[in-house]
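Novice: Okay, here's what each chain looks like letter by letter:
There are 2 protein chains.
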Amino acid sequence: MIFKLNDKFEKEFHISGDIYKGFINLFQDNNPLHVDELFAIGKGFKGRVMHGNILNGYISYFIGECLPIKNVIIHSQEIQYKNAIYLNDVLYFEAIISGIYESVNAVEFKFIFKNKESKIISKGKFQIGVLL
Amino acid sequence: MIFKLNDKFEKEFHISGDIYKGFINLFQDNNPLHVDELFAIGKGFKGRVMHGNILNGYISYFIGECLPIKNVIIHSQEIQYKNAIYLNDVLYFEAIISGIYESVNAVEFKFIFKNKESKIISKGKFQIGVLL
Chain C
-7 MIFKLNDKFE KEFHISGDIY KGFINLFQDN NPLHVDELFA IGKGFKGRVM
43 HGNILNGYIS YFIGECLPIK NVIIHSQEIQ YKNAIYLNDV LYFEAIISGI
93 YESVNAVEFK FIFKNKESKI ISKGKFQIGV LL
Chain A
-7 MIFKLNDKFE KEFHISGDIY KGFINLFQDN NPLHVDELFA IGKGFKGRVM
43 HGNILNGYIS YFIGECLPIK NVIIHSQEIQ YKNAIYLNDV LYFEAIISGI
93 YESVNAVEFK FIFKNKESKI ISKGKFQIGV LL
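Top to bottom, those sequences are chains C and A.
Going by the working numbering, the first residue of the first sequence is number -7, and it counts up by one from there.
Going by the working numbering, the first residue of the second sequence is number -7, and it counts up by one from there.
Mixed in with the good hints, there may be bad ones.
Since the list gives no way to pick out one identical chain from another, each pair is judged satisfied if it fits inside one copy or across any two copies.
Restricting the straight-line Cα-Cα distance to at most 27 Å, the calculated cross-link-like pairs of lysine-lysine (DSSO-like) are [as the list claims (entries may be wrong)]:
no. : residue 1 : residue 2
1   : K117      : K102
2   : K35       : K(-4)
3   : K(-4)     : K38
4   : K62       : K108
5   : K38       : K62
6   : K74       : K117
7   : K115      : K74
8   : K115      : K102
9   : K0        : K38
Simulated from the structure, these hints should not be mistaken for laboratory data.
I would like the entire structure built from these sequences, with the hints used as guidance.
Specialist: Written as structure tokens, this is what we have:
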């Protein structure tokens, strides 16, 4: 198998206005935490909180486009949200292969997103299958 | 708390061309499984497989817009992909409250997506926090 235990992948993602507005246009999640600056500040945040599921979109891109092979499919994902993300945050993403299951052609990754202050934004794991 | 154990919520989601193209435009996941009909068929699917993370976008919408209160935030999500989704599929979504943790203002939901043939597309759980 092309994947090896502990292989590490790194990416950077920018929570741009286009990503933020595009996500809202696509999924219509206009919860006040995401769109109302004063509401978000009133709840203890620095400003409007970006949608956590933007990160799952980045994971889709990572799996579909950034691996050494393209014949892959997602089996499962888990994500924990640890700190809020804000407009224009630049996030560092790291994924490490944490398990290889050759008899079922599956590979497990652990991942983390950090912001520029090295605060953990979110962490989790996902499993992909290699399509034969 | 406004939420009660076993409260059930139902929604329907349509995997339209706009959702499919919008997701690709937003996250740039042009993996051949998603965009190349012949590639997908060659791997045993009925056609281009829609991105699983479209479902996580729907979950964002559900949490942000479809609950009886708006002062909520996602803590964590887990999803298992069981069957492929295709363009124009109409998905039935059901979420049931599986845990209420008043001392930390958290509520856990189990969810399922099914297609029109009642095939399970995906299942999982998520936890939200109620913002005071």
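Novice: All the hints need checking, so say for each whether the structure fits it.
Specialist: Now the hints, each set against the structure:
In the homo-oligomer, the alpha carbons of K117 and K102 lie at most 27 Å apart both inside one protomer (4 Å) and across protomers (19 Å), since each shortest distance falls under that limit. Taking identical chains as interchangeable, the C-alpha atoms of K35 and K(-4) lie at most 27 Å apart only when they sit on different chains, with a minimum of 23 Å there against 44 Å within one chain. Taking identical chains as interchangeable, the C-alpha atoms of K(-4) and K38 are never at most 27 Å apart, the minima being 40 Å within one chain and 31 Å between chains. In this homomeric assembly, K62 and K108 never come within 27 Å of each other (Cα to Cα): the closest approach is 30 Å inside a single copy and 29 Å across copies.
For the identical chains of this complex, K38 and K62 are inter-copy neighbours only, at 18 Å across copies versus 39 Å inside a copy, given an alpha-carbon limit of 27 Å. Taking identical chains as interchangeable, the C-alpha atoms of K74 and K117 lie at most 27 Å apart whether they share a chain (14 Å) or sit on different chains (17 Å). For the homomeric pair K115 and K74, the shortest alpha-carbon distances inside one copy (8 Å) and between copies (23 Å) are both at most 27 Å. In the homo-oligomer, the alpha carbons of K115 and K102 lie at most 27 Å apart both inside one protomer (8 Å) and across protomers (20 Å), since each shortest distance falls under that limit.
Neither within a single protomer nor between protomers do K0 and K38 lie at most 27 Å apart by alpha-carbon distance, with minima of 32 Å and 33 Å respectively.
Hint violations for this structure: numbers 3, 4, 9, all remaining hints satisfied.
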